[in-house]
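Asks: Each chain, written out:
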Amino acid sequence: MTRRPLARYALRTASLAAFLGLWQVLTSLDVDVWLRFSQFPTVTDVAHAFTGRLSGSDYWTDLYDSLTRILTGFALAAVLGVATGVLVARSRLAEDLLGPVLEVIRPIPAIALVPVAILLFPSNEQGIVFITCTAAFFPVLVSTRHAVRALTPMWEEAVRTMGGGRMRILGSVVLPGALPGIFGGLSVGIGVSWICVISAEMISGQYGVGYRTWQDYTVVNYPGVFVGMVTIGVLGWVTSTAVELLGRRLTRWLPRTSYIPGGRTHVPRPVAAPVRADGDSEHQAQPEQQGQKDTEEARDEHLV
Amino acid sequence: MSTSSETAAVPTAAAPSATARGTRLSFRAAVLGRPDAPVLHDVDLDVSPGEILTVVGPSGCGKSTLLRTLAGLLAPLGGSVEVDGAPLRRPSADRTLVFQEDALLPWRTLRGNVELPLAISGVPRSARRARAESWLARVGVSAQAGQLPHRVSGGQRQRAQLARALADSPRAVLMDEPFGALDAQTRSGMQDLLVEVLGGTGATVVFVTHDVDEALFLGDRVALLGSGRVAAVRDVPGPRDRGAVDAPARAALRRDILTSLGS
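Going down the list, the sequences are from chains V and P.
Everything in the first sequence is counted per the UniProt record's numbering, starting at 1 for the first residue and increasing by one.
Everything in the second sequence is counted per the UniProt record's numbering, starting at 1 for the first residue and increasing by one.
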């Protein structure tokens, strides 16, 4: 087995603990060496504020609102981004019709669309979802487009010579083949979605983690601000891990390189059996495949 | 087509009926290639039902173009290309294409790949699996049926590709250097396997290769391509027998072909 998962978790926990410890030391000692920690809330201040919040109902309402907004926006972006990406990559007409518009809108930061959202949508809620969706849409679109264009042409030709039509090619070749790339876009997308949902809530929200964080700032409740930040960090980490795990699950078929970072593993390299294809070496190949399987499964246990 | 193959759902009854069911493929003064780059001119060629025509020629001579036109992936630029007397218009499950490599869908297991043409032609799910398994058994990769393509050897992948091409009982099989990436020993095993699994299917085969010995072993006839044309079509004398490669008539033909390829 690779480095024992337990040891890796311990290392990761220790890293977080060290970060918090440093924070606590700097703030409780009121260190003021150019960087000024004297006004900075300590870890214990934040923890107190946190437990206080957790017992109130507002915190959970905020959490629920932010999650609803981001999940709605992100789901819309995923569907629209994949659909548009496939369309633009597969149809020259769609590329000519949509391409220029998309390329002009793409560089505009989603948060700069707040005025547009206010003009377009009757409610704040819809505006925030719109901004979140726009933010995630472009990374998904761009990576889908690239992934679809990079598909091995033979896959499609093979399916065509089996009598497969457009829908069959879409379902059996284009979407599964582009999935690794699509998930690259989704991972980036969920990250920018958080940035935008929080910013939009700060500007125009009612409830939501971003709104609450900004409220706390305006009333100079710094521990409250940090509670908001920690919440955002944890939520972002959980959602992007979920996207990551789903992606890994759906793209299990990807051949993985047998590269293992040097010096960090206790695995003896799998025995390199000759990769010959004639009759009797098929049996020789078995142990090798077994070895590959073990290391690949070990790698599947990536800690996230 | 699917009715006759329905009986093949039982693994033991996998051998397709041995009726002459291959297609006739004909080129009439055809010009082939991409619109911006024609590579073959004046192609007049008939492939009889059930025949194995091998095609040899230097690289870039248009072997693949010929095949892709027959598959319906490329339209002829001039003249006509016909299947059983009707103009060839689009790809069809009746004419499957076997590629040199990497044409299996990497996210499907070998079985899943072989099931794909059956799914496309509407074979019910339950029958699909049994037929795929029986074909994988015939080409000798049943043990790897549940493996993904990148987990098996190149030879095993080509076996699976052959099973996929034949699973839906096509009337013509078009093969584009299918054994070109294999080592010599694997290759001759695959040639024997091909002859064995084709036996009784009655399918017409067009087999492109750069290997003259392979062309002589597999072909009923050999077409030579060169300088943008079909330079010659020769009957291969004698039975399909590896030993017969040394027979005088074969040896003479082999010398002829090598000479004209060299020039």
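Simulated from the structure, these hints should not be mistaken for lab results.
Be careful, since some hints might not be right.
Just a sample of chain V residues kept apart from chain P, beta carbon distances all over 12 Å, derived [unchecked claim]:
(1) A7
(2) L20
(3) L22
(4) W34
(5) M154
(6) E156
(7) A158
(8) L179
(9) M229
(10) P255
Simulated restraints, written as ranges between beta carbons of each label pair [claimed, not checked]:
(11) G199/P to R166/V: 33 to 39 Å
(12) V195/P to P5/V: 49 to 55 Å
(13) D256/P to R252/V: 51 to 57 Å
(14) L254/V to D256/P: 44 to 50 Å
(15) L80/V to G199/P: 33 to 39 Å
(16) L98/V to D192/P: 51 to 57 Å
(17) Q185/P to A75/V: 29 to 35 Å
(18) P5/V to A143/P: 55 to 61 Å
(19) R229/P to R149/V: 45 to 51 Å
(20) A112/V to P106/P: 55 to 61 Å
Here chain P is said to cover these stretches of chain V; the calculated rule only asks that three of the stretch's residues, wherever they fall, bring their Cβ under 8 Å from a Cβ of chain P [stated by the list, open to error]:
(21) 100-107
(22) 195-202
Bear in mind that the values here come from a model prediction, so they are computed numbers and not experimental data.
Just so you know, even glycine gets a beta-carbon here, dropped at the ideal spot from N, CA and C.
Asks: Work down the list of hints and note, for each, if the structure agrees.
Replies: Here's how the hints hold up against the structure:
1. Remark: the non-interface label on A7/V is consistent with the geometry, its nearest Cβ contact in chain P lying 30 Å away (cut-off 12 Å).
2. Non-interface status of L20/V relative to chain P is upheld: no Cβ of that chain comes within 12 Å, the nearest being about 43 Å off.
3. The claim that L22/V lies off the interface holds: its Cβ sits roughly 45 Å from the closest Cβ of chain P, which is beyond the 12 Å cut-off.
4. Even its closest Cβ contact with chain P, about 55 Å, leaves W34/V beyond 12 Å, as expected for a residue assigned away from the interface.
5. In this structure M154/V is not separated from chain P by more than 12 Å, as the shortest Cβ-Cβ distance comes to only about 4 Å.
6. The beta carbon of E156/V is not kept farther than 12 Å from every beta carbon of chain P, the shortest such distance being approximately 10 Å.
7. For A158/V, the condition that its CB be more than 12 Å from all CB atoms of chain P is violated, with the nearest at approximately 5 Å.
8. With a least beta-carbon separation of about 8 Å from chain P, L179/V fails to lie farther than 12 Å from that chain, contradicting its non-interface assignment.
9. Annotated as non-interface, M229/V keeps its C-beta farther than 12 Å from every C-beta of chain P; the closest such distance is 40 Å.
10. A beta-carbon of chain P comes within 12 Å of the beta-carbon of P255/V; the shortest separation is about 4 Å.
11. Taking the beta carbon of each, G199/P and R166/V are about 36 Å apart, inside 33 to 39 Å as hinted.
12. Separation of V195/P from P5/V is about 52 Å and conforms to the stated range, judged on CB atoms against 49 to 55 Å.
13. At about 53 Å, the beta-carbon gap between D256/P and R252/V stays in the expected band of 51 to 57 Å.
14. As the Cβ distance of L254/V to D256/P is approximately 48 Å, the hint placing it in 44 to 50 Å holds.
15. For L80/V and G199/P, the Cβ-Cβ distance of about 53 Å falls outside the hinted range of 33 to 39 Å, so the restraint is violated.
16. Against the hinted window of 51 to 57 Å, the Cβ-Cβ separation of L98/V and D192/P comes to about 53 Å, which satisfies the hint.
17. For Q185/P and A75/V, the hinted distance range of 29 to 35 Å is not satisfied, since their beta carbons lie about 54 Å from each other.
18. For the hinted restraint 55 to 61 Å between P5/V and A143/P, the CB-CB distance of approximately 32 Å leaves it violated.
19. At about 35 Å, the beta-carbon gap between R229/P and R149/V misses the expected band of 45 to 51 Å.
20. Between A112/V and P106/P the CB atoms are about 41 Å apart, so this pair departs from the stated range of 55 to 61 Å.
21. For the stretch 100-107 of chain V, the assignment as covered by chain P is violated, since 0 residues bring a beta-carbon within under 8 Å of that chain's beta-carbons and 3 are needed.
22. Counting residues of the stretch 195-202 of chain V whose beta carbon lies closer than 8 Å to any beta carbon of chain P gives 0, which falls short of the minimum of three for the stated coverage.
Of the numbered hints stated above, those contradicted by the structure are hints 5, 6, 7, 8, 10, 15, 17, 18, 19, 20, 21, 22, listed in ascending order.
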